[in-house]
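The listed protein sequences correspond, in order, to chains A and B.
Under the working numbering, think of the first position of the first sequence as 458, with each following residue one higher.
Under the working numbering, think of the first position of the second sequence as -12, with each following residue one higher.
These aren't lab readings, by the way, just hints derived from the structure by calculation.
Worth double-checking, as some hints may not be accurate.
Pairs of lysine to any residue residues, derived as SDA-like cross-links and limited to a Cα-Cα distance of at most 25 Å, are as follows [to be verified]:
#, chain 1, residue 1, chain 2, residue 2
1, A, Lys490, A, Cys504
2, A, Lys752, B, Glu272
3, B, Lys286, A, Val710
4, A, Lys737, A, Thr784
5, A, Lys752, B, Glu273
6, A, Lys737, B, Gln291
7, A, Lys752, A, Pro786
8, A, Lys752, A, Glu696
9, B, Lys233, A, Phe709
10, A, Lys753, B, Glu273
11, A, Lys753, B, Arg241
12, B, Lys286, A, Asn716
13, B, Lys358, B, Leu316
14, B, Lys358, B, Arg160
15, A, Lys764, B, Gln291
16, B, Lys233, B, Leu316
17, A, Lys695, B, Glu273
18, B, Lys286, A, Ser491
19, B, Lys286, A, Gln727
20, A, Lys753, B, Arg276
21, B, Lys233, B, Ser301
22, B, Lys286, B, Arg241
23, B, Lys233, B, Phe357
24, A, Lys490, B, Gly210
25, A, Lys490, B, Ser165
26, A, Lys753, A, Gly653
27, A, Lys752, B, Ala300
28, B, Lys233, B, Asn322
Selected chain A positions facing chain B (in silico; Cβ < 10 Å) [to be verified]:
#, residue
29, Val471
30, Val475
31, Val707
32, Val710
33, Val715
34, Glu719
35, Pro720
36, His723
37, Ile724
A few chain A residues that don't get close to chain B, going by computed Cβ distances all over 10 Å [to be verified]:
#, residue
38, Phe512
39, Met528
40, Phe616
Source: prediction; values computed, not measured.
The beta carbon of each residue, even a glycine, is placed where N, CA and C say it ideally should be.
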Amino acid sequence: MINEMIILDIICLVIVTVLLVEMAGLFLRQYLKSRELLSLLLAICSCAFCVSGIFYFLRFFVIGDPFFYRMEVVLRFISFTTFVFMFERKGRERSFPFLTVLCGVCILALFILPYDLAYFLGFTIYGAALAVLWFLIRTYRNTDGRVRHNIGRAIMGGFVLGLGIGLSADYVVQLGGQYLIAVGLIIQLIGMILLGLSFYGIRTTDEFLWYSEVKDLFVIFNSICLYAYSIEQDNNLKEADLYGGGLASVLFVAQSIVNSQEPPEHIVYQNLNFIVRLGKQQFSNNCLIAVLMVKKNLSILHEKLEKFLNAFEDQFKDVLIHWTGDTEPFIKNSGNLNQIFQPRTR
Amino acid sequence: MNDLIYILKLCGEAVIVLLAIEIAFYLFANRKDRFKGSKHLRNQTTGTTKIYAGFFLFFLLTALGYVFYGVKVYFWYLYSTTGVLEAQAWSLVNNIGLLIFIYAFSSTILVLSSLSIRQRTLRPVVILLMALPILLWGPFWVFNILDYLVIPLSIIFLVIFLNFIFITEKKLRRNFYSIFLGFILLLSGYITSTHILDPFIQLIEYPITEGIMLISLILIGFGFISISSLKEAFPAAFIEELYLIKGNGTILLRLQFRAQPASISEDKQAQMDEETFASSIVGIEEVLREISSAQGLLKTVVHQSKILIVERASQIMGVFLTRVELGGLRSHLLNLLLEVETHFLNEIQTQETLASSSRAILIAKAVAWFKDDLSKVGDLTPKDIQKPVSGRLLKINNVIFEKSPLRISRYKFLSIYITLIIIQALVLLFEIQSSTISISQGLLGLLLFNGVFLVFYLINKYLIRAYNSNVDAIFKNIKLQSEGMELTKEQPFSYRALFYAYLVGCLAILPFTFIVCVISLNLVVSFIIIAGKFLIFDGVLTAEFCVNLAKFLRVNLFLHEMSQNNK
Chain A
458 MINEMIILDI ICLVIVTVLL VEMAGLFLRQ YLKSRELLSL LLAICSCAFC VSGIFYFLRF
518 FVIGDPFFYR MEVVLRFISF TTFVFMFERK GRERSFPFLT VLCGVCILAL FILPYDLAYF
578 LGFTIYGAAL AVLWFLIRTY RNTDGRVRHN IGRAIMGGFV LGLGIGLSAD YVVQLGGQYL
638 IAVGLIIQLI GMILLGLSFY GIRTTDEFLW YSEVKDLFVI FNSICLYAYS IEQDNNLKEA
698 DLYGGGLASV LFVAQSIVNS QEPPEHIVYQ NLNFIVRLGK QQFSNNCLIA VLMVKKNLSI
758 LHEKLEKFLN AFEDQFKDVL IHWTGDTEPF IKNSGNLNQI FQPRTR
Chain B
-12 MNDLIYILKL CGEAVIVLLA IEIAFYLFAN RKDRFKGSKH LRNQTTGTTK IYAGFFLFFL
48 LTALGYVFYG VKVYFWYLYS TTGVLEAQAW SLVNNIGLLI FIYAFSSTIL VLSSLSIRQR
108 TLRPVVILLM ALPILLWGPF WVFNILDYLV IPLSIIFLVI FLNFIFITEK KLRRNFYSIF
168 LGFILLLSGY ITSTHILDPF IQLIEYPITE GIMLISLILI GFGFISISSL KEAFPAAFIE
228 ELYLIKGNGT ILLRLQFRAQ PASISEDKQA QMDEETFASS IVGIEEVLRE ISSAQGLLKT
288 VVHQSKILIV ERASQIMGVF LTRVELGGLR SHLLNLLLEV ETHFLNEIQT QETLASSSRA
348 ILIAKAVAWF KDDLSKVGDL TPKDIQKPVS GRLLKINNVI FEKSPLRISR YKFLSIYITL
408 IIIQALVLLF EIQSSTISIS QGLLGLLLFN GVFLVFYLIN KYLIRAYNSN VDAIFKNIKL
468 QSEGMELTKE QPFSYRALFY AYLVGCLAIL PFTFIVCVIS LNLVVSFIII AGKFLIFDGV
528 LTAEFCVNLA KFLRVNLFLH EMSQNNK
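Use the sequences and the hints to build the structure in full.
What follows is the structure in structure tokens.
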């Protein structure tokens, strides 16, 4: 007859595996939709963790073969390496990804070295885990609002998952006892649920790399363009008056054809999106209108535009109350506000 | 059952529970239909929220049912390895699991049947199928009947679901077919988890149920994920206006689906509006082309409460003014544009506008499509919304009659129901503990109690609806224009009809009163049982007397006697 503890372990392991498969499916679906590399890497990462779980099962519950251990660690290493690669390419913009190569060497060594040495080399995986953590923290710092909240939850989920994996690792189990497998697996399950909920809440990984999607920013008041800035090229737009005026008329016409009191929230023009936000404060019975020209309509960009507009209103409150038509103060003093649309660490 | 099959079965059940919970909460999260357009967009006239709520209940209860099925498998495994069957616990788990499955079906059927799709074919099917197992097995084989009840309930469930397939088209229909196939498998899985097939094969010995259930849940899950919103089933119902515009800004056709101009001056205004609209759309596109320095097309303009969906063929441009952004609308618009270009290309190229005969053909086509979609909305409209009753006062010969709808809050009803169930369950638990009734009798008592409550709820609901519609019809006959209108004797009015309507209204209140009485009675019963168990008053009340009194006060006595006779 089978021990209840083993049953619990196996059930937890199966559920964690199913959740990982689901997560891999979620990322794969996103990749097929948007062809975003990060989605593909996350799908690979989930798959690798899933298969590594199967090797963990074989090692603990079927036969303790060293090959299974090597495969388990190597697969987890591979999944972390995808993040390390991403970190170096997108974050650090390195021409030669030496950390990724280092991870590759470790993976190779895990296969070649004798089991005892490979076992100790396996601990280097925590270094890769730290790189993953750094990547996620960097992404967290670059985001805002709901996306930021979800990434925060994902980091917490990752921590919990890591804790669970650590507790159910054979070194800890040998020290603390067999019950730690069940405890570790239950903690992994909680971590997976947290991770799953947060990634499902984000919907698309494009939200992480929003800054590559932003093009131009316009601030309009009384149908006059106060401020026009190209975020993509990091300079003030030439012919700002012309573009801003054109946009103002587009908004006005779009507003009047549906007999609305407010401008449209969003306009899609071929592959471009114009996100529109109306200011909360009134100056001479009029509100500011901010328009962001973007390639993809991401929720984080709506939140950033709202944040920018609120800051703009607060900063130029006094100027706007007695505004005489001079746009120089806005052009000269808005530099600090542009930071909202810049990633915090390049 | 060997160890491997046992592990396989348990793991399968764990995954079933996980998937069912995931599907349930996915549907719960989608119940309000989040659209891409605007957060302000809500349409309360369709019953899509009810559909989501019904399926949410179904999957949640399925998950719960399979938790008990897992425990049942555990007991069976113990039996097959040790030879000892914990008969009472086995029976309890089996019966609770079965009750939960039946609740899963019946609650979902009840929620979904509150939509008007039921009216087509369902009522006779429901009655026939509910009667069938009773005729076959007689009144005493109660749990056998419960086992067999799963079959007709499954069929009713599938019949209801088929109605959804009939109102969908193209991709949506394909998705619904995959969900339907999933449901067929899921119901087969349900049936294999009961005792129905025991005379032929002991399915509990094999992981067949789990395999079928897993495949079915995967199919259903994929199906639901592929459907962005149930409102995709009737996209035209959200259109307010349709515009067909030539490239130079000349309007070819404007069709309003909501309000028609009432007077000549309004008609002229409308003509001016449509000309402004057409030129504005073309103008917006031109300006955006300049700003973005790209050759492109305007696609969507999202306002707080309205959305403009723009699509273009080679010669003409089409605009839908809608309330929601649905994928189906864009493809419908493009198809319409291509059709117009195919049939009227010469006219478009050579003339300034369409000939009146061409316009008439186009309008007829568009209106037919619109009406067809609206009929689908009617299928999914909650019945309560179909006959709105508003509160008014009517003064006839100095007597004031109030025309106010009779309503009982569903939350009040639900709270009463939950209170009752808790009290009833506690009472039965005490009785099971004091061995005055068996577990089966206790569960049967609970089931019957629920049945009685539901019957009274339905009677109550039908009577209230009858009262509301009667009063509404009477007040409509006399064409009441405003509140407090005084009627003269010349106007037709039937006191008798109003009297009957009020009589029905009074009757409608009776079942509710009865339910309140049942609560009070249950409270008395539970007090007596607790008093009998813990507070025995010497010479006044004995425990036995208390329990007997409690049994006398409730229908369980009848059941107990019945089962004794059966033995």
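Structure-based check of each hint:
At most 25 Å may separate the alpha-carbon atoms for a hinted pair to count; Lys490/A and Cys504/A meet this at roughly 19 Å. Among the hinted pairs, Lys752/A with Glu272/B is consistent with the structure: their alpha-carbon atoms are about 17 Å apart, no more than 25 Å. Of the pairs offered as hints, the one joining Lys286/B and Val710/A holds, with about 16 Å between alpha carbons and a cut-off of 25 Å not exceeded. At roughly 21 Å between alpha-carbon atoms, Lys737/A and Thr784/A fall within 25 Å of each other, so this suggested pair holds.
Distance hint between Lys752/A and Glu273/B is fulfilled; the C-alpha atoms sit about 19 Å from each other, no more than 25 Å. Note on Lys737/A and Gln291/B: the hinted pairing holds, with a Cα-Cα distance of about 16 Å set against a maximum of 25 Å. Between Lys752/A and Pro786/A the alpha-carbon distance is near 29 Å, which puts this suggested pair outside the 25 Å criterion. Our distance criterion of 25 Å between C-alpha atoms is met by Lys752/A and Glu696/A, whose separation comes to about 21 Å.
Distance hint between Lys233/B and Phe709/A is fulfilled; the C-alpha atoms sit about 22 Å from each other, no more than 25 Å. Of the supplied pair hints, the one linking Lys753/A and Glu273/B holds, its CA atoms being roughly 21 Å apart against a limit of 25 Å. Distance restraint check for Lys753/A and Arg241/B: the Cα-Cα separation of roughly 32 Å exceeds the 25 Å cut-off, and the hinted pair is therefore not satisfied. Note on Lys286/B and Asn716/A: the hinted pairing holds, with a Cα-Cα distance of about 20 Å set against a maximum of 25 Å.
Straight-line distance between C-alpha atoms of Lys358/B and Leu316/B comes to about 15 Å, which keeps the hinted pair within the 25 Å bound. For a cut-off of 25 Å, the pair hint linking Lys358/B to Arg160/B stands: about 19 Å separates their Cα positions. At roughly 20 Å between alpha-carbon atoms, Lys764/A and Gln291/B fall within 25 Å of each other, so this suggested pair holds. Between Lys233/B and Leu316/B the alpha-carbon distance is near 20 Å, which keeps this suggested pair within the 25 Å criterion.
Between the alpha carbons of Lys695/A and Glu273/B the distance comes to roughly 20 Å, so the proposed pair stays at or under 25 Å and holds. Annotation: proposed proximity of Lys286/B to Ser491/A holds, straight-line Cα distance about 19 Å (limit 25 Å). For the proposed pair Lys286/B and Gln727/A, the alpha carbon gap of about 6 Å is at most 25 Å, so the pair holds. Between Lys753/A and Arg276/B the alpha-carbon distance is near 17 Å, which keeps this suggested pair within the 25 Å criterion.
Pair hint Lys233/B plus Ser301/B holds up; C-alpha atoms about 10 Å apart against a cutoff of 25 Å. Restraint check for Lys286/B and Arg241/B: the C-alpha separation of about 19 Å stays at or below 25 Å, so the hint holds. For the proposed pair Lys233/B and Phe357/B, the alpha carbon gap of about 23 Å is at most 25 Å, so the pair holds. Pair hint Lys490/A plus Gly210/B holds up; C-alpha atoms about 17 Å apart against a cutoff of 25 Å.
For the given pair, Lys490/A sits about 21 Å from Ser165/B by alpha-carbon distance, which is consistent with the 25 Å threshold. Taking the CA atoms of Lys753/A and Gly653/A, the gap is near 24 Å; set against the 25 Å cutoff, the hint holds. Taking the CA atoms of Lys752/A and Ala300/B, the gap is near 24 Å; set against the 25 Å cutoff, the hint holds. At most 25 Å may separate the alpha-carbon atoms for a hinted pair to count; Lys233/B and Asn322/B meet this at roughly 16 Å.
Against a cut-off of 10 Å between C-beta atoms, the interface hint on Val471/A holds, since the closest Cβ of chain B lies about 4 Å away. Nearest Cβ of chain B to the Cβ of Val475/A: about 5 Å, under the 10 Å cut. The hint holds. With 10 Å as the threshold, the beta carbon of Val707/A comes within range of chain B, its nearest partner Cβ sitting at about 5 Å, so the hint holds. For Val710/A, the interface hint holds, the least distance from its beta-carbon to any beta-carbon of chain B being 5 Å, beneath 10 Å.
The restraint placing Val715/A at the interface with chain B holds, with a minimum CB-CB distance near 5 Å, inside the 10 Å limit. The restraint placing Glu719/A at the interface with chain B holds, with a minimum CB-CB distance near 6 Å, inside the 10 Å limit. Evaluation of the Pro720/A hint against chain B yields a held restraint, the C-beta minimum of about 8 Å falling below 10 Å. For His723/A, the interface hint holds, the least distance from its beta-carbon to any beta-carbon of chain B being 4 Å, beneath 10 Å.
A hinted interface residue such as Ile724/A counts as satisfied when its beta carbon comes closer than 10 Å to some beta carbon of chain B; here the least separation is about 5 Å, so the hint holds. Remark: the non-interface label on Phe512/A is consistent with the geometry, its nearest Cβ contact in chain B lying 17 Å away (cut-off 10 Å). At the 10 Å boundary, the C-beta of Met528/A stays outside the reach of chain B, the nearest C-beta of that chain being 21 Å off. Once the 10 Å rule is applied to beta carbons, Phe616/A is consistent with being away from chain B; the minimum gap is 23 Å.
Checked against the numbered hints given earlier, this structure breaks hints 7 and 11; the rest are met.
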